[in-house]
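K.L.:
Construct all of the structure, not just a fragment, from the sequences and the given hints.
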Amino acid sequence: AQTVTQSQPEMSVQEAETVTLSCTYDTSENNYYLFWYKQPPSRQMILVIRQEAYKQQNATENRFSVNFQKAAKSFSLKISDSQLGDTAMYFCAFKNAGNMLTFGGGTRLMVKP
Amino acid sequence: EAGVAQSPRYKIIEKRQSVAFWCNPISGHATLYWYQQILGQGPKLLIQFQNNGVVDDSQLPKDRFSAERLKGVDSTLKIQPAKLEDSAVYLCASSYGQGGSYEQYFGPGTRLTVT
Chain A
1251 AQTVTQSQPE MSVQEAETVT LSCTYDTSEN NYYLFWYKQP PSRQMILVIR QEAYKQQNAT
1311 ENRFSVNFQK AAKSFSLKIS DSQLGDTAMY FCAFKNAGNM LTFGGGTRLM VKP
Chain B
19 EAGVAQSPRY KIIEKRQSVA FWCNPISGHA TLYWYQQILG QGPKLLIQFQ NNGVVDDSQL
79 PKDRFSAERL KGVDSTLKIQ PAKLEDSAVY LCASSYGQGG SYEQYFGPGT RLTVT
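In order, the protein sequence lines correspond to chains A and B. Just so we're on the same page, this note's numbering is the position in the first sequence counted from 1, plus 1250. Just so we're on the same page, this note's numbering is the position in the second sequence counted from 1, plus 18.
Just so you know, the hints here were simulated from the structure itself, not pulled from any lab data. Being a predicted model, the structure only gives us computed values, none of them experimental. Hints are not guaranteed to be accurate.
[Said to hold, decoys possible] When the alpha-carbon atoms are kept at most 27 angstroms apart in a straight line, the in silico BS3-like pairs for lysine-lysine are as follows:
no. : chain 1 : residue 1 : chain 2 : residue 2
1   : A       : Lys1320   : A       : Lys1305
2   : B       : Lys62     : A       : Lys1320
3   : A       : Lys1328   : B       : Lys62
4   : B       : Lys62     : A       : Lys1323
P.N.:
Below is the structure:
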């Protein structure tokens, strides 16, 4: 079974600065997908960024980028130029070939003005 | 494009009562998921449908939880009888198909409180 671990329950960052959220996972599979989801206080889960395990290049979406280290089974999220609207719970998630999505415990991010 | 719809948004019941949640996925999405999210934790998959067939229900407590998607479109999740530990947000999600390349879109969830 896959496990996803987010070791930072809470983090804070000043507006306009950069923050990195950590995620590690455990799997014996070679083909899989990794995701970061954002869940604002309104509760609707939104996909932030996705990484295919077979791709060596790190995914980037505007201010969001990942550092994918396959050998270390690490998948961190970097948010640049943090904005107040980035305040939310962030969940790292793993999807295997069987399509089952496994979530980490989440990191609560607070962006301070 | 309309998103995943869920109702009700909030529900408060007493233990041993029954409750049902409804989900309408994005039009054309064949795959539907129900997740349970306990406060302070990440969502946990309860059941996955492909059209009207169950793909994975290994984490569904079948002694009290049931789910159906009879016509391959909307779905209901039922708890009977409810326990205190069932208090959680129940999230519905849908995707166009199975496989890692298909993004899952989530609904707003139903917050259940069991007293």
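K.L.:
For every hint, state whether the structure bears it out.
P.N.:
Right, here's what the structure says about each hint:
{"no.": "1", "hint": "A:Lys1320 - A:Lys1305", "result": "holds, 10 angstroms"}
{"no.": "2", "hint": "B:Lys62 - A:Lys1320", "result": "holds, 24 angstroms"}
{"no.": "3", "hint": "A:Lys1328 - B:Lys62", "result": "holds, 25 angstroms"}
{"no.": "4", "hint": "B:Lys62 - A:Lys1323", "result": "holds, 21 angstroms"}
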